[in-house]
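K.L.:
Residue numbers (the numbering used here): 842 to 1378.
Think of the hints as simulated: they come from the structure by calculation, not from any bench.
Be careful, since some hints might not be right.
[What the hints assert, rightly or not] Taking CB as the label site, the calculated pair distances span: (1) L1150 - V1351: 40 to 48 angstroms; (2) R1094 - G1196: 48 to 56 angstroms; (3) T1324 - R1094: 18 to 26 angstroms; (4) Q1055 - A1206: 37 to 45 angstroms; (5) P910 - F1056: 15 to 23 angstroms; (6) V1145 - T903: 41 to 49 angstroms; (7) V1321 - V1351: 22 to 30 angstroms; (8) V1208 - V1321: 21 to 29 angstroms; (9) L1078 - L886: 44 to 52 angstroms; (10) R1192 - V1138: 16 to 24 angstroms; (11) P910 - G1252: 26 to 34 angstroms; (12) T1121 - R1094: 27 to 35 angstroms; (13) M973 - G1196: 36 to 44 angstroms; (14) K1209 - I934: 14 to 22 angstroms.
Idealized CB from N, CA, C, for every residue including glycine.
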Amino acid sequence: MSDTRFNQSGPDTEPKVFGDRFLSALERAGNRLPQPFNLFLYLFLLVGVVSTVLAWADVTVTVPGTDDPVAIQGLFTGPGLAWFTANLGPNFIEFPPLVTVVTILLAIGIAEKTGFLSAGIRTAIGASPRWMLPYAVGFVGVVGSIMADSAFVVVPPLAAMAFKAAGRHPMAGLLGGFAAVGAGYSTSIFPTSLDALFAGITTAVVPTVPLLEQFAAPVNPLSNYFFNVVASVVLALVAGLLIDRVLEPRMTRLDVPRDEIVDEDEDGTAIRDTDEVTTTLTREERRGLVAAVVALVVVAVVMVVAVLLPMSPWRNEDGNYLPESPLLDSIVFVVFTFFAVGGFVYGKVARTIDGLGDVPRLMGAAVKDMVPFIVLAFILGQFIALFDWSGVGSGIAVAGADGLQSIGLTGVPVILLFVLLCSVLNLFIVSGSSMWTLMAAVFVPMFGLIGYEPAFVQAAFRIGDSATQIITPLNPYMIVLLTFVRRYEPDAGLGTLMARLFPFVIPFWVVWAVILLVFYGFDLPLGPGNDIHVQRG
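Hey, can you work out the whole structure from these sequences and the hints?
P.N.:
Below you can see the structure in the form of structure tokens.
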């Protein structure tokens, strides 16, 4: 394993075929894209120039739901520069995702760094019988986004280990675990920091169209929850089926090695990684996991009782919970409490922490991990704020909505085209927050004007944001996966991974899109208080 070059050839790839040429072209094009921060800096300046030109031309926009036209405001004008210099800080600090994402990630930091999340995943995979392993890996992988990007590193090697222990092909577990995590990344049966991130970005662009601000249901981390639960279960089954019936038989046909290639020292003695994580929990870890589950059940019972009381303060003025109530406004608190309590109890019983004194340290480590997001949030906040303040976003939304209606492109066709566009862009922009910021600024207002709720547009985006990211060379975790794969096949390259992971892309895309269309066709709620169509009046 001394050769760390990431060559593009592999034992099961054929040079010069269309697929290789396409993937090579994709990699070259993606490598020319700026880093996300720079990309949105350039977009911010572009919107600034466009808004200034439109302002000088006295362009106005009449947004449905308003009576008077609104003039486009230019950044590079006196009022524009004054607005920007006075709001640099608020544009950043008041960027909605910061409120929810940072808060939830503090709690996830406790759950992850005490070992609670890892212990749960190891138990789910390790306790599964041989025939169920592919489906257990599919389920754990799909819902693994609860661990954020850590799932890409934790799930695949654990799945490979479990497959090998059960006498199955470890490479099927390794690649299948990665495919399930990546292709189903935007969904989970549990609310995650990603739900909070997407909801915050969606909320930030709603004010662009007064009609949406007046009639659209608020978007929160649970706005896609019903849709996510159904998608998680179905996609987990699809992942398991593909691992069992497609991936593993192919590994056998290709005669892919089942044993790791180990290095040797000068005396010819084999050297193995002594820090390898196993699927078997220690006694302390088992006790910690049981205690954490009991603690979470107690917390859940207390919360349910508190909410169901007739005079509960978490009901709205009518005594209900929908469409708005303090309960829905408390979702971040609920998610924070579950992760923090579960992580702390596990850590205390499993002895990975000493007590409350360790909590600030764990939270601090979580903040350190989220620094790249906080830095990116600075420029994302400026971009969204300018898009809203200048009126350029409203202008694009109105023009786009009018164009779609004039050619009759609404309903199912426009939804599928939007998902397809997201899937293509996901090959080049692998950062979900960056791509949703860009897409939401244009499509949430545009689709809102033709009658779709922001939560529905967000649900459609989830499909495109996930399905194709396991085959783009721009996904940094592809290199991590390649490192694992080369333990078995030293000559494997990125082309090897793409060829083996591609069979997951189309089935996931199609099945996920069908689930969305079922919700659309039967007008089912996507989450508590969030429907498909905007209810006007």
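K.L.:
None of the hints should be skipped; say for each whether it holds.
P.N.:
Verification of the supplied hints:
One distance hint, 40 to 48 angstroms for the beta-carbon pair L1150 and V1351, holds here, with the actual separation near 45 angstroms. Taking 48 to 56 angstroms as the suggested C-beta distance range, the pair R1094 and G1196 conforms, at roughly 54 angstroms. Evaluation of the 18 to 26 angstroms hint for T1324 and R1094 yields a pass: the beta carbon distance comes to about 24 angstroms. The hint said 37 to 45 angstroms for the Cβ distance between Q1055 and A1206, and at roughly 43 angstroms that hint holds.
Checked against the hint of 15 to 23 angstroms, the pair P910 and F1056 passes, with Cβ atoms roughly 21 angstroms apart. Distance hint check for V1145 and T903: the Cβ-Cβ separation is about 48 angstroms, which falls inside the suggested range of 41 to 49 angstroms. The beta-carbon spacing between V1321 and V1351, approximately 28 angstroms, falls within the hinted interval of 22 to 30 angstroms. Under the hint 21 to 29 angstroms, the C-beta atoms of V1208 and V1321, about 23 angstroms apart, fit the expected range.
Range check, L1078 to L886: about 46 angstroms between beta-carbon atoms, so the 44 to 52 angstroms window is met. Restraint check, R1192 to V1138: a C-beta distance of roughly 22 angstroms satisfies the suggested window 16 to 24 angstroms. Between P910 and G1252 the C-beta distance comes to about 29 angstroms, which sits within the given range of 26 to 34 angstroms. A C-beta distance of roughly 31 angstroms is found between T1121 and R1094, which places it inside the suggested range of 27 to 35 angstroms.
With their beta carbons about 38 angstroms apart, M973 and G1196 fall inside the hinted range of 36 to 44 angstroms. Roughly 20 angstroms separates the CB atoms of K1209 and I934, a value that falls within the hinted 14 to 22 angstroms.
This entry satisfies every hint, going by the numbered hints stated previously.
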